[in-house]
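Below, each chain spelled out in residue letters.
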Amino acid sequence: MIVAYFGSLAILLLSAFWEKDAFTGRVEPFVWSLDAFDDLITNTVYRTIALRTIAIAVLVTLTDALLAFPIAYYMARVASPRMRGVLTVAILMPLWAAYLVKVYAWRTILQGNGFIEWMLEPFGASAPGLGQILNSWLVLSYLWLPYMILPIYAGLERIPGSLLEASSDLGARSGTTFRRVVVPLVFPSLVAGSIFTFSLTLGDYITPDLVSDAKFIGNVIYDNSSLGNVPLAAAYSLLPIVIMIGYLLVARRLGAFESL
Amino acid sequence: MTVETRREIGEEGPGPSASAAVRLEGVTKRFGDVAAVAGIDLEIHDGEFFSMLGPSGSGKTTTLRMIAGFEEPTSGRIWLLGRDITGVPPFDRDVNTVFQDYALFPHMSVADNVGYGLLVRKVAAVERRQRVSEALQMVRLDDYGSRRPAQLSGGQRQRVALARALINRPRVLLLDEPLGALDLKLREEMQIELKAIQQQVGITFIYVTHDQEEALTMSDRLAVFNAGRIEQIGSPADVYEHPVTTFVAGFVGTSNLLTGDAATTVIGREGVFTVRPEKIRLADPTSTPADDEASALGRIREVVYVGPDTRYIVALETGGELVVTQQNLETSSMEALATQGRSVRLTWKRRHVLSLATSEL
Numbered sequence: 027m028i029v030a031y032f033g034s035l036a037i038l039l040l041s042a043f044w045e046k047d048a049f050t051g052r053v054e055p056f057v058w059s060l061d062a063f064d065d066l067i068t069n070t071v072y073r074t075i076a077l078r079t080i081a082i083a084v085l086v087t088l089t090d091a092l093l094a095f096p097i098a099y100y101m102a103r104v105a106s107p108r109m110r111g112v113l114t115v116a117i118l119m120p121l122w123a124a125y126l127v128k129v130y131a132w133r134t135i136l137q138g139n140g141f142i143e144w145m146l147e148p149f150g151a152s153a154p155g156l157g158q159i160l161n162s163w164l165v166l167s168y169l170w171l172p173y174m175i176l177p178i179y180a181g182l183e184r185i186p187g188s189l190l191e192a193s194s195d196l197g198a199r200s201g202t203t204f205r206r207v208v209v210p211l212v213f214p215s216l217v218a219g220s221i222f223t224f225s226l227t228l229g230d231y232i233t234p235d236l237v238s239d240a241k242f243i244g245n246v247i248y249d250n251s252s253l254g255n256v257p258l259a260a261a262y263s264l265l266p267i268v269i270m271i272g273y274l275l276v277a278r279r280l281g282a283f284e285s286l
Numbered sequence: 339m340t341v342e343t344r345r346e347i348g349e350e351g352p353g354p355s356a357s358a359a360v361r362l363e364g365v366t367k368r369f370g371d372v373a374a375v376a377g378i379d380l381e382i383h384d385g386e387f388f389s390m391l392g393p394s395g396s397g398k399t400t401t402l403r404m405i406a407g408f409e410e411p412t413s414g415r416i417w418l419l420g421r422d423i424t425g426v427p428p429f430d431r432d433v434n435t436v437f438q439d440y441a442l443f444p445h446m447s448v449a450d451n452v453g454y455g456l457l458v459r460k461v462a463a464v465e466r467r468q469r470v471s472e473a474l475q476m477v478r479l480d481d482y483g484s485r486r487p488a489q490l491s492g493g494q495r496q497r498v499a500l501a502r503a504l505i506n507r508p509r510v511l512l513l514d515e516p517l518g519a520l521d522l523k524l525r526e527e528m529q530i531e532l533k534a535i536q537q538q539v540g541i542t543f544i545y546v547t548h549d550q551e552e553a554l555t556m557s558d559r560l561a562v563f564n565a566g567r568i569e570q571i572g573s574p575a576d577v578y579e580h581p582v583t584t585f586v587a588g589f590v591g592t593s594n595l596l597t598g599d600a601a602t603t604v605i606g607r608e609g610v611f612t613v614r615p616e617k618i619r620l621a622d623p624t625s626t627p628a629d630d631e632a633s634a635l636g637r638i639r640e641v642v643y644v645g646p647d648t649r650y651i652v653a654l655e656t657g658g659e660l661v662v663t664q665q666n667l668e669t670s671s672m673e674a675l676a677t678q679g680r681s682v683r684l685t686w687k688r689r690h691v692l693s694l695a696t697s698e699l
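Top to bottom, those sequences are chains A and B.
No gaps in the numbering here: position 2 of the first sequence is 28 in the working numbering, and each next residue is one more.
No gaps in the numbering here: position 170 of the second sequence is 508 in the working numbering, and each next residue is one more.
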C-alpha cells in the first residue's frame with residue numbers, strides 16, 4: 027500500500043519535469059525539462075486561477091469560522107442536553123448524504139427557474155444563475171461547515187467551567203471572559219477546523235464545475251491530465267501540495283493537532 | 339430536628355452587625371427536588387478565619403458558591419459588609435475565590451494569571467507589574483512569573499491561585515478545599531502558610547473543607563454542615579469539647595456514643611451521651627472509681643497501636659462500644675497489643691460526659 031501510494035506520488039511529481047514534444051504533443055518520460063513550469067509562470071491564466079482558488083479557500087474558511095463559532099458555542103454552553111442532541115444530529119446528517127447529491131441540490135436552488143428564482147420572482151428579480159464565482163464560495167461553505175463546527179464544539183466542551191467562573195470572579199464581565207479566556211483557548215480548535223475547510227476547498231473541482239463557470243486549480247489539473255498534458259497537470263498540482271504543507275506547519279505551531 | 343443551641347454557640351445573635359463580613363439569612367438552594375442547602379443562618383466576622391466543615395454533599399461548597407455569586411439562592415438573602423449582594427453577579431462582588439482545581443488559565447503565564455484581576459479592572463500597566471511582583475513575592479514565587487501553569491508543581495499552582503485571588507484585595511477570600519489535591523506533607527506546610535498569609539493581609543477567609551483536623555487547627559471559628567443544615571457553629575475548642583449533636587460528635591473526632599441501656603446504666607438517665615476517647619482511663623476491673631468519676635466494665639475487643647498512642651476498642655458489658663485513646667507513656671507496643679481480650683474498668687470524670695441531641699441524617 028505504502029509503496030504503491032508513495033511510488034505513484036513520486037512519479038506524479040517527477041512527471042512535472044518531463045518533456046512534452048511541442049510538435050507531436052507526445053510526452054517523453056524521463057526527458058527532463060522545465061517547460062511545464064515555464065508555461066505556468068508565463069501564462070497569466072494559471073496565476074489567475076491559482077489566486078482565485080486560494081481566495082475562495084480563504085473566504086470559505088473565514089465564513090465557516092464565523093458561522094461555526096456561535097453555533098458551537100450555543101451547543102456547548104447554552105443549549106439544553108436535548109437541544110444539543112438535536113443539533114448534533116442536524117450537523118452530522120448532511121455528512122451522511124452523498125457529496126454529489128448536495129451539490130446537485132444547490133444547482134437546482136441556484137439555477138434559472140430554480141428555488142431562488144421562485145422566491146425572487148414576485149419582486150421582479152431573477153436567479154443569479156450558474157455563472158457566478160461566488161456560487162462556489164456559497165456551496166463550499168455549506169459543504170464544509172460541519173468540519174468547522176465539530177472541532178470548535180469539542181474545544182469549547184473541553185474548557186473547564188471553573189476557568190469561566192474564575193474569570194468572572196476576578197472581575198471580568200462575560201464579554202471580557204469570552205475575549206480573554208474562551209477565544210484564546212478555543213483558537214487551536216478553530217485552526218484545526220480550518221485545515222479541513224481550507225484543504226477541501228483548495229482541492230475541490232466538482233463543485234466549481236457544477237455551480238459556476240470559474241475554474242479552480244483542480245479543474246485545470248483534471249483537464250490537462252485527460253488532454254494528455256501530464257507534465258503541466260503534475261507541475262500545477264505541486265502548488266496546492268506546497269501550500270498545504272506550509273499550512274499544516276503553521277497549524278502545528280498554533281497547537282491545532284493537540285485539539286483534534 | 340433542629341438544635342436550639344446553634345445560635346448561642348455562634349457567640350452573636352442574628353441581626354445586622356458592623357463586624358459581619360458575610361451574613362446569610364435563611365438561605366436555601368434547591369437543585370430540582372433536592373435541597374442542597376436547606377435554610378441556613380450564618381454570620382462571619384470581619385477578619386476571621388472561618389471554616390465550613392462537613393462531608394461531601396452537606397451543602398458547604400454550595401454555600402461558598404452562593405457567597406461567590408456562582409449560584410443564586412432559591413430563597414434567603416446574603417449580605418457582604420452590610421450590603422445586600424443577593425443577585426449581584428460575581429464580577430461585582432468584593433470577594434475572590436481559590437478554586438479546588440486552582441482554575442489557572444493555561445494559555446497565560448503565571449504573572450498574567452496573577453495580574454488578570456487587575457487587567458480586567460483596567461489598572462495601569464505600571465501599577466499592575468508592581469502589584470503582581472508583590473503578590474508573587476508573598477507566595478514565594480518571585481522567579482516564576484514567566485512560567486506557564488503547566489510547568490509548576492501542585493503546591494506552586496496552589497500558591498499562584500492564592501496570589502491571583504488576593505491581588506484584587508478583596509474583603510473576603512473564599513477557599514474551596516484548596517489543599518485537597520496536595521499530599522499530606524505539603525498540606526501541612528500550606529496550612530501554616532495560609533494561616534500566616536491570612537494574618538498578614540487581615541482579610542476574612544472562608545474555608546471549605548471535609549478534613550476535621552484541618553478545620554480545627556486553622557480556624558478561629560467553624561460551622562459543621564450536615565444534610566444542607568448547620569449543626570453547630572463555634573470555636574474549634576467549643577465544637578470539639580462540647581459537640582451538641584450526635585453528628586458533630588461523630589464527624590469532629592470519634593463519636594463514642596452511649597445510648598439505650600448503656601446510657602441508663604452508666605450515666606443514670608436516658609439519652610445520648612458522648613465521652614471523648616482521650617478523657618477515658620483504663621483501670622483494673624476490681625478498682626473503685628473516685629466520687630467525681632463514672633465508670634463502666636468491659637472487655638478490650640481490639641487494640642490499634644498508632645505510635646505516640648494506642649487506641650483500645652472496648653465492648654461494654656451493658657452493650658455498645660467505647661474507644662479509648664491512651665498515650666504510650668510507658669507502654670511498649672508489645673504490652674499494648676497483649677491487652678487484647680482482657681477485662682477492664684473504664685473511668686472518666688463526670689464533667690467530661692456530654693449530652694447530645696440526635697441529628698437527622
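Be a bit skeptical, because a hint or two may be false.
Unchecked claim - Pair ranges (Cβ atoms, derived):
| # | chain 1 | residue 1 | chain 2 | residue 2 | range |
| --- | --- | --- | --- | --- | --- |
| 1 | A | S106 | B | E410 | 41 to 49 Å |
| 2 | B | G598 | A | G111 | 49 to 57 Å |
| 3 | B | L522 | A | V276 | 41 to 49 Å |
| 4 | A | L88 | B | V461 | 49 to 57 Å |
| 5 | B | D384 | A | M109 | 55 to 63 Å |
| 6 | B | R507 | A | V104 | 51 to 59 Å |
| 7 | B | D384 | A | L88 | 48 to 56 Å |
| 8 | B | Q538 | A | G201 | 30 to 38 Å |
| 9 | A | D239 | B | K460 | 51 to 59 Å |
Just so you know, the hints here were simulated from the structure itself, not pulled from any lab data.
The beta-carbon is built from N, C-alpha and C at its ideal position, and this holds for glycine as well.
Hint check results:
no.: 1; hint: A:S106 <-> B:E410: 41 to 49 Å; result: 19 Å, violated
no.: 2; hint: B:G598 <-> A:G111: 49 to 57 Å; result: 55 Å, holds
no.: 3; hint: B:L522 <-> A:V276: 41 to 49 Å; result: 47 Å, holds
no.: 4; hint: A:L88 <-> B:V461: 49 to 57 Å; result: 35 Å, violated
no.: 5; hint: B:D384 <-> A:M109: 55 to 63 Å; result: 45 Å, violated
no.: 6; hint: B:R507 <-> A:V104: 51 to 59 Å; result: 34 Å, violated
no.: 7; hint: B:D384 <-> A:L88: 48 to 56 Å; result: 54 Å, holds
no.: 8; hint: B:Q538 <-> A:G201: 30 to 38 Å; result: 35 Å, holds
no.: 9; hint: A:D239 <-> B:K460: 51 to 59 Å; result: 54 Å, holds
The structure is inconsistent with the numbered hints 1, 4, 5, 6, although it conforms to all the rest.
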